[in-house]
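2 protein chains.
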Amino acid sequence: MLRENKPRRSGGRRRAQSDAAKPVRTTDYVNLRHPFQPQTVFSDDEIANIHNTALRVIEELGIKVLLPEARNTFQKAGARVEDEMVYAGRDIVTAALQTAPASIRLRAANPKRALNYENGAMLFMAGAGCPNATDLNRGRRAGDLEAYVETLKLAQTYDVIHMLGPCVEPQDVPIQFRHYEMMRAQLTHCDKPMFVYSRGSEQVSDSFEMIRLALNLSMDDFTDGVWATTVINSNSPRMLDIPMAQGLIDFAAAGQMSIITPFCLAGAMAPITVAGALTLQHAEALTGITLAQLTRAGAPISYGGFSSNVDMKSGSPAFGTPEHIKMQIGAGQLARHIGLPWRSATGAASNAADMQAANETNMAIWGGAMANATLTVHAAGWLEGGLSFGYEKFINDVEALQTMAELCVKPVGSDAEIGFDALAEVDPGGHFFATQHTMDRYQSAFYAPLVSDLTNLGAWTEAGAKTSTQRATDIWTQNLAEFKDPEHGASAASNIEAFVETRRQQGGAFPQE
Amino acid sequence: MLRENKPRRSGGRRRAQSDAAKPVRTTDYVNLRHPFQPQTVFSDDEIANIHNTALRVIEELGIKVLLPEARNTFQKAGARVEDEMVYAGRDIVTAALQTAPASIRLRAANPKRALNYENGAMLFMAGAGCPNATDLNRGRRAGDLEAYVETLKLAQTYDVIHMLGPCVEPQDVPIQFRHYEMMRAQLTHCDKPMFVYSRGSEQVSDSFEMIRLALNLSMDDFTDGVWATTVINSNSPRMLDIPMAQGLIDFAAAGQMSIITPFCLAGAMAPITVAGALTLQHAEALTGITLAQLTRAGAPISYGGFSSNVDMKSGSPAFGTPEHIKMQIGAGQLARHIGLPWRSATGAASNAADMQAANETNMAIWGGAMANATLTVHAAGWLEGGLSFGYEKFINDVEALQTMAELCVKPVGSDAEIGFDALAEVDPGGHFFATQHTMDRYQSAFYAPLVSDLTNLGAWTEAGAKTSTQRATDIWTQNLAEFKDPEHGASAASNIEAFVETRRQQGGAFPQE
Numbered sequence: 001m002l003r004e005n006k007p008r009r010s011g012g013r014r015r016a017q018s019d020a021a022k023p024v025r026t027t028d029y030v031n032l033r034h035p036f037q038p039q040t041v042f043s044d045d046e047i048a049n050i051h052n053t054a055l056r057v058i059e060e061l062g063i064k065v066l067l068p069e070a071r072n073t074f075q076k077a078g079a080r081v082e083d084e085m086v087y088a089g090r091d092i093v094t095a096a097l098q099t100a101p102a103s104i105r106l107r108a109a110n111p112k113r114a115l116n117y118e119n120g121a122m123l124f125m126a127g128a129g130c131p132n133a134t135d136l137n138r139g140r141r142a143g144d145l146e147a148y149v150e151t152l153k154l155a156q157t158y159d160v161i162h163m164l165g166p167c168v169e170p171q172d173v174p175i176q177f178r179h180y181e182m183m184r185a186q187l188t189h190c191d192k193p194m195f196v197y198s199r200g201s202e203q204v205s206d207s208f209e210m211i212r213l214a215l216n217l218s219m220d221d222f223t224d225g226v227w228a229t230t231v232i233n234s235n236s237p238r239m240l241d242i243p244m245a246q247g248l249i250d251f252a253a254a255g256q257m258s259i260i261t262p263f264c265l266a267g268a269m270a271p272i273t274v275a276g277a278l279t280l281q282h283a284e285a286l287t288g289i290t291l292a293q294l295t296r297a298g299a300p301i302s303y304g305g306f307s308s309n310v311d312m313k314s315g316s317p318a319f320g321t322p323e324h325i326k327m328q329i330g331a332g333q334l335a336r337h338i339g340l341p342w343r344s345a346t347g348a349a350s351n352a353a354d355m356q357a358a359n360e361t362n363m364a365i366w367g368g369a370m371a372n373a374t375l376t377v378h379a380a381g382w383l384e385g386g387l388s389f390g391y392e393k394f395i396n397d398v399e400a401l402q403t404m405a406e407l408c409v410k411p412v413g414s415d416a417e418i419g420f421d422a423l424a425e426v427d428p429g430g431h432f433f434a435t436q437h438t439m440d441r442y443q444s445a446f447y448a449p450l451v452s453d454l455t456n457l458g459a460w461t462e463a464g465a466k467t468s469t470q471r472a473t474d475i476w477t478q479n480l481a482e483f484k485d486p487e488h489g490a491s492a493a494s495n496i497e498a499f500v501e502t503r504r505q506q507g508g509a510f511p512q513e
Numbered sequence: 001m002l003r004e005n006k007p008r009r010s011g012g013r014r015r016a017q018s019d020a021a022k023p024v025r026t027t028d029y030v031n032l033r034h035p036f037q038p039q040t041v042f043s044d045d046e047i048a049n050i051h052n053t054a055l056r057v058i059e060e061l062g063i064k065v066l067l068p069e070a071r072n073t074f075q076k077a078g079a080r081v082e083d084e085m086v087y088a089g090r091d092i093v094t095a096a097l098q099t100a101p102a103s104i105r106l107r108a109a110n111p112k113r114a115l116n117y118e119n120g121a122m123l124f125m126a127g128a129g130c131p132n133a134t135d136l137n138r139g140r141r142a143g144d145l146e147a148y149v150e151t152l153k154l155a156q157t158y159d160v161i162h163m164l165g166p167c168v169e170p171q172d173v174p175i176q177f178r179h180y181e182m183m184r185a186q187l188t189h190c191d192k193p194m195f196v197y198s199r200g201s202e203q204v205s206d207s208f209e210m211i212r213l214a215l216n217l218s219m220d221d222f223t224d225g226v227w228a229t230t231v232i233n234s235n236s237p238r239m240l241d242i243p244m245a246q247g248l249i250d251f252a253a254a255g256q257m258s259i260i261t262p263f264c265l266a267g268a269m270a271p272i273t274v275a276g277a278l279t280l281q282h283a284e285a286l287t288g289i290t291l292a293q294l295t296r297a298g299a300p301i302s303y304g305g306f307s308s309n310v311d312m313k314s315g316s317p318a319f320g321t322p323e324h325i326k327m328q329i330g331a332g333q334l335a336r337h338i339g340l341p342w343r344s345a346t347g348a349a350s351n352a353a354d355m356q357a358a359n360e361t362n363m364a365i366w367g368g369a370m371a372n373a374t375l376t377v378h379a380a381g382w383l384e385g386g387l388s389f390g391y392e393k394f395i396n397d398v399e400a401l402q403t404m405a406e407l408c409v410k411p412v413g414s415d416a417e418i419g420f421d422a423l424a425e426v427d428p429g430g431h432f433f434a435t436q437h438t439m440d441r442y443q444s445a446f447y448a449p450l451v452s453d454l455t456n457l458g459a460w461t462e463a464g465a466k467t468s469t470q471r472a473t474d475i476w477t478q479n480l481a482e483f484k485d486p487e488h489g490a491s492a493a494s495n496i497e498a499f500v501e502t503r504r505q506q507g508g509a510f511p512q513e
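For the protein sequence lines, the chains are U and X, in the order given.
Just so we're aligned: 248 in the UniProt record's numbering is position 248 of the first sequence, and the numbers increase by one with no gaps anywhere.
Just so we're aligned: 224 in the UniProt record's numbering is position 224 of the second sequence, and the numbers increase by one with no gaps anywhere.
Keep in mind that the hints were calculated from the coordinates and are not lab data.
Accuracy of the hints is not assured; some may be wrong.
Repeated chains share a single entry, so a pair holds when one copy, or any two copies, can fit it.
[Claimed, not checked] Here are the simulated DSSO-like cross-link-like pairs (lysine-lysine), alpha carbons at most 27 Å apart as the crow flies:
| id | residue 1 | residue 2 |
| --- | --- | --- |
| 1 | K410 | K313 |
| 2 | K112 | K313 |
| 3 | K112 | K153 |
| 4 | K466 | K313 |
| 5 | K466 | K153 |
| 6 | K76 | K64 |
| 7 | K313 | K64 |
| 8 | K410 | K112 |
| 9 | K484 | K112 |
| 10 | K153 | K484 |
| 11 | K76 | K410 |
| 12 | K76 | K484 |
| 13 | K153 | K76 |
| 14 | K153 | K410 |
Next comes chain U alone, as it looks inside the complex (with noise of 0.2 Å):
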């Protein structure tokens, strides 16, 4: 009975300082707070200007909602709809955003991995929505259920990765059953905060009551907490499609979350500039704000963007690019602005795991710690844009993602972390190794790396010269091995069976367009 579970606080794995005799690393990588200050691209005046014209957008030039029913929520809060077009004044927008909840607590299976979901938070989700996976024993493939099981399982292993997301799309599933698969895999194999796709009401529906029947909530269990989380696109410019809108009512009726993510890329669905991106990224999820608010007021709700640019001779997407993270800051001060928790993206454009695709990682991982972001999507796997998920590159990034986690923890400064004595027994020109101030301390002093490789030229050479993209098999097919199943998982599995068959043998729901 998985809500019987006493709530201890997630900082369990810290250990009283006074344990000096075998320290071990205190980091506790499932409540990170940003470690640096906000970084500002804009003036105020200029953010103000940005936030304003965004309002004129959606009160002047509009957007178009194709789903009735979102513009009759429009329309009675008395924006003008004239056929698809939905024009909001700026008091409909400003209200909603006074009832937008600054902090919102997403629950988890295990209440260890609950998250609170606010400004000052450094949350990461690995990268989602790719269509294929890859790794070096496999190769590259379309993405199957095995794949997408097998990511959830590397997403669930390591403590930086925050929340679950779909790594890699289960293709090989058809459509109608796809989501059931979706959620069976997280809800037996994983325990943290869950992701659901918005296509269709039908679908999401499912998906929450799958999420109820396996942790045992009441009705009232589930709507009182924030169990699942998606991604509402909006089709930029200023368009919000049939599947989004009804997935922002939904999960805004039923008190679940969505994070408002315009992909605005410059030059391209967006205006070449960062401030116009920017502007028309804020208006799309204002709106998508609003809906939400009009829909219940105080619904769980994530401002976001995932704003880059385009390559101007291929019209491709780029990723860690300067424009990228000015717009990762720009779009941290407009959160701070509206006063809302947010989202990010990193990403990487590169079609291999090599040295392109870490700087593109890392740079937005960075663009993302100088703006603050909340949640920082696409942390790990990402590679071709978003169209495929590497294996290898996911344990990298994770890497990456743990040196930033490390840096959420100050070193102290006093006597006896300085160590004088320690100093002063040391002989100019000799060593540290065997000071007791050493001894105390070597067991938890340093970060231990994850695939990084710190053995010199002839050991690293004699263990077969591989290259930290080649090492990185090694570590995800051990981690796959040693996986284990969350205790809740098995009474997960079987609460869901009757259901899942049921809904099966009805057909199943197929997405809604």
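Since chain U is already given, all that's left is putting chain X on it; use the hints.
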């Protein structure tokens, strides 16, 4: 006559904003200022504690100074000297800090390459001091003059590399003649601020004379400007050897810049804690600064540190780790505490130009940004913890540095940049490719990548499925094939010829030991 060049501001590459018909990127890579606020890992009290403990180390524990002349200098200033140990009181150190300049103008053969070495500036030097060179065409080999010259030319090629350094050690040149060839190459192929090794007074004065002759500087011209920089590594813990102390004295006496760089590896030659390693670094750096100022008050001197941790399993140095970054940020706090410009360093322990190498280097590049390091050394090309300079890694690192450089230019949030008219012009679901707003800007809106390949998998595969490391080979070979000596190169070469010939006939100059 180089000195007759009208000293233009290096901002010469910047074009007027009104030149909108054919916009070009306006980033001036030569004069970068840090775009991010300096961050902190220690409280002000902790920084004061580290500073004061470092003063105690100098005054109570003492520093072993192997050069008699240096000990005499300290003794004359009132320090207690016992055998080879120097115990300098905090009054001596504090007085020295008051005469050390906060801003240093680094001169260059090309006045447009001159630099302000001061807090707020963001400068990069390529990987330095590598005994080996490696590239995909020729493999790994012992550093020779060819590799030294080639890597110098690569450093000269990219504006984001601000200061020259000895990327590769030319071991095929006999040690007593080596400095002639190193200076000749810098003076004829390059026009950026130069580097001189501190390997004894004779080599140093030869090198200074070559600069003077090559650039037609009078004795006063030379000593009135900073034309040469050296790096002074203390022998941690608490020791200053003969060539390093001599170098400090010689550079200070000639008004040239020393960068004091204790190499404090926490857990090995330094205490295992961030605070402890920084305390030792600080004590050693303060000692060097003091010796320089006692030699000549106002001598140009840079605070510095290259502190990281060792891998406690192998004892190997690690780079880009959380501890490295924390030490960078702490070092920045200490530099600002004493009001001096300073150098930091990135690095990579990786034995290949792979994701590990990119992650390590990138992390510490960002660490330097968070710390607002004046100069970040080893910023491109370092591999194997400095045992090898990788040509392909250099190119990939330059991409990262150029990305950082682009971040120095903030986007504009004006009405024109936001482009409300462009937003109005494009229908929902449309695109911005053809708007006037895009057409006006598309040539210059985005950073154009150096080695990143943004094509899709099909095009990339057709082009040979090359990793960014493999693609970099074409770039550096092209750079070298197209390389042109700067204008003054030919006259510089002829200006030094007789001097070098004479000195060679005299037997050259062996290093001081």
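Problem set entry | Alpha-carbon proximity context of K76 and K484, limit 27 Å | Neither: 50 Å inside a copy, 70 Å across copies.
Problem set entry | Intra/inter-copy verdict for K76 and K64 if alpha-carbon distance must be at most 27 Å | within (17 Å within a copy, 82 Å between copies)
For this session: Classify it for me, K112 with K153: is the Cα-Cα distance of at most 27 Å met within a copy, between copies, both or neither?
Result: within (18 Å within a copy, 55 Å between copies)
Exercise. Taking 27 Å as the upper bound on the Cα-Cα distance, should K410 and K112 be classified as within, between, both, or neither?
Worked result: Within. Shortest intra-copy distance 23 Å satisfies the 27 Å Cα cut-off; inter-copy 41 Å does not.
Problem set entry | Within, between, both or neither, where K153 and K484 count as close if Cα-Cα is 27 Å or less | within (9 Å within a copy, 54 Å between copies)
Exercise. Checking K76 and K410: alpha-carbon separation at most 27 Å within a copy, between copies, both or neither?
Worked result: neither (51 Å within a copy, 41 Å between copies)
Exercise. How would you classify K153 and K410 at a CA-CA limit of 27 Å: within, between, both, or neither?
Worked result: Neither, since 31 Å and 41 Å both go past 27 Å.
Problem set entry | Intra- versus inter-subunit Cα pairing at 27 Å for K466 with K153 | within (25 Å within a copy, 30 Å between copies)
Problem set entry | Within, between, both or neither, where K313 and K64 count as close if Cα-Cα is 27 Å or less | neither (30 Å within a copy, 60 Å between copies)
For this session: If the cutoff is 27 Å on CA atoms, where do K410 and K313 land: within, between, both or neither? Let me know, please.
Result: between (44 Å within a copy, 24 Å between copies)
Problem set entry | Homomeric proximity label, K153 with K76: Cα distance no greater than 27 Å | For K153 and K76, neither the intra-copy (45 Å) nor the inter-copy (68 Å) Cα distance is at most 27 Å.
For this session: Evaluate K466 and K313 at a C-alpha cut-off of 27 Å and name the case that applies: within, between, both or neither.
Result: Answer is between; shortest inter-copy Cα gap is 19 Å, intra-copy 35 Å.
Comparing the model with each numbered hint stated earlier shows that hints 2, 7, 11, 12, 13, 14 do not hold.
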